[in-house]
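Trainee: Sequential numbering from 1 applies to the sequence shown in full-length UniProt numbering.
Any given hint could turn out to be false.
With a Cα cut of at most 30 Å, we get these calculated DSSO-like pairs of lysine-lysine [claimed, not checked]: (1) Lys508 - Lys464; (2) Lys310 - Lys293; (3) Lys270 - Lys345; (4) Lys316 - Lys293; (5) Lys316 - Lys289; (6) Lys434 - Lys310; (7) Lys153 - Lys390; (8) Lys270 - Lys54.
None of these hints come from the bench; they were simulated from the model.
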Amino acid sequence: MVKSIKEESRSFFLYCCAKNFQKPASPEIKPGEGTNGNASSVSCTKQNKPGGWKAMPYILGNETFERLATFGLSANFMVYLMRELHMDQVSASNVFNIWFGITNFAPLLGAIISDAYAGRFRTIAVASFASFLGMSIVTLTAWIPHLHPAECKPEDQPNGHCVGPNKAQLGVLLTGLGLLSVGAGGIRPCSIPFGIDQFDPTTEEGVKGISSFFNWYYTTFTVVVLLTLTLVVYIQDSVSWVLGFGIPTLLMGSSIVLFLIGTRIYVHVKPQGSIFSSIVQVFFATYRKRQLKLPAQGEEIGVFYDPPVKENVLSKLPVTSQFRFLNKAAIIMENELQPDGSPNKWRLCSIQQVEEVKCLIRVIPIWASGVISFTSMAQQGTFTLSQALKMDRHLGSKIQIPAGSIVIISMITIGIFLPVYDRIIVPGLRKFTKHEGGITLLQRIGIGIFFSILAMIVAGVMEKKRRDSAMLHPGVAPISVFWLAPQLILMGFCEAFNIIGQIEFFNKQFPEHMRSIANSLLFCSLAGASYLSSIVVNIVHHVTGGHGHPDWLTSDINAGKLDYFYYLLAGMGAFNFLYFLYVAYHYRYKGNVQMEDKSVPDVELNAIKP
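Based on the sequences and whatever the hints tell you, model everything.
Mentor: Below, the structure written as structure tokens:
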């Protein structure tokens, strides 16, 4: 599914709070109506009347059980790898990072398959079965003795002499994780749109239904997060890993049954075609016409193919001079227009298609800055847990907090800060800046990047304090686990500014019908951060140490220098912050053409300049 419940739940938590869910750009289904002959059209294949709230118990029930299952399985998985499979923290971190990266790139492929071929219902159904199989396999690794290493004796644990998993055991585990990634690739991009499909957005009742759907979706999500980070993690940590994994697996099976029961009630929307094919067509047509000369500015009329936009496109983009070479794809050549006026799609593209590709190219430098800043966030599911395991986690004399639950501090920070920011800080800033959001979206992202640097510096300081205490008291340091709270609070601020800023930025810089790409960019950032984190961890592990000294990330965290690793990430973040300031200063916002007056000039506002 994901690297850990912390990152999956947090990113979706912020996604919900940003309220940037994509609503249908145009009426998808009308009672008694259908559309034909257009790749972008959609129609109901099972019944004419939308499923509405009759379908919600099955959809929300499926979503609730599915999230409880997958989150419950992954919430404490880092601890499972280290404690039960006897992996060192570097190996366990690599398994997490690679799995997390694949899982976050998978929704891109899932979105293409769903939009262009399979449809949302079939994609969710197949993906749910894949998730169930994946969780069943992972549960079996904890249940069947031959699928995990022999129990390690207490006296061998401090010395790192425990036998890790063999190739067969590791292969079974990775098979389960791979199936979970397949499941995530199909469920993530389809679950929310499939819920929206059940309502008619052309009616007042349908609009209210969509709004209520988001509220219920977020409510059930919040309950799931609280249950997984408390009850499920406690069962895994203190009762039994088999029971802790088995319960989520059974719930996943229940979610599939519940989902299939509602099959006859659902609105089944036909595949609409993928925007990715349009992007490829622009590059292909540009390459074919690379020898052509572009017309001078002001002489483009009649040269470029610029038809009216399709019904599912709400905003028309103007011709821009940035990345001007791509405009060649829209130059009309002989025999490129058919008698009915339609173009040869692989030879001639519209100005709208070209400008949509430019929107994607423009945001790539901003997107790249998010990869490095999210690398700091990636550590919360790995090394922060390693720290927590070596600290006093007691609440009073009898209650011990599971290590996997400590990161709930970040989510609490986000939950408290966002209403304060929205209701108090933004209105106050608006009085001075005259900006609707108080500050620009790029400024908000920049503040988040700064908080990520600060969080890593504080994490390094706190790790030094923890290690010093552990050296005076061998074993588990008597220092409280709540000393990790400052870095987790700062990371919560980082995510509140950075992730929400990126979600809103990407959504506003793409046309409405391209928001599937916009929303997937955040997951691609998390995936990129995961791979970058894995690379940095392996380099540090192999380069540092030597001459009788352990490396920074050695298995015994008390003998390593984890604080140096945090400072390294802070240094990378500082260089990334300077890079972000440069690309943000030169960024040009997309413009819009008024639909009733296509002569409105391009509007390009600088992102940072006043």
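Trainee: With reference to the structure, classify each hint as holding or not holding.
Mentor: Verification of the hints:
Taking the CA atoms of lysine 508 and lysine 464, the gap is about 42 Å. The hint is violated against a cut of 30 Å. Between the alpha carbons of lysine 310 and lysine 293 the distance comes to roughly 28 Å, so the proposed pair stays at or under 30 Å and holds. About 22 Å separates the Cα atoms of lysine 270 and lysine 345, which keeps this hinted pair within 30 Å; it holds. For the hint linking lysine 316 to lysine 293, the alpha-carbon distance of about 25 Å falls within 30 Å, and the restraint holds.
Between lysine 316 and lysine 289 the CA atoms are separated by roughly 24 Å; this keeps the pair inside 30 Å, and the hint holds. For the hint pairing lysine 434 with lysine 310, the CA-to-CA distance comes to about 35 Å; that exceeds 30 Å, so the pair is violated. Distance restraint check for lysine 153 and lysine 390: the Cα-Cα separation of roughly 18 Å lies within the 30 Å cut-off, and the hinted pair is therefore satisfied. Only pairs whose Cα atoms come within 30 Å are accepted, and lysine 270 paired with lysine 54 is accepted, the gap being roughly 20 Å.
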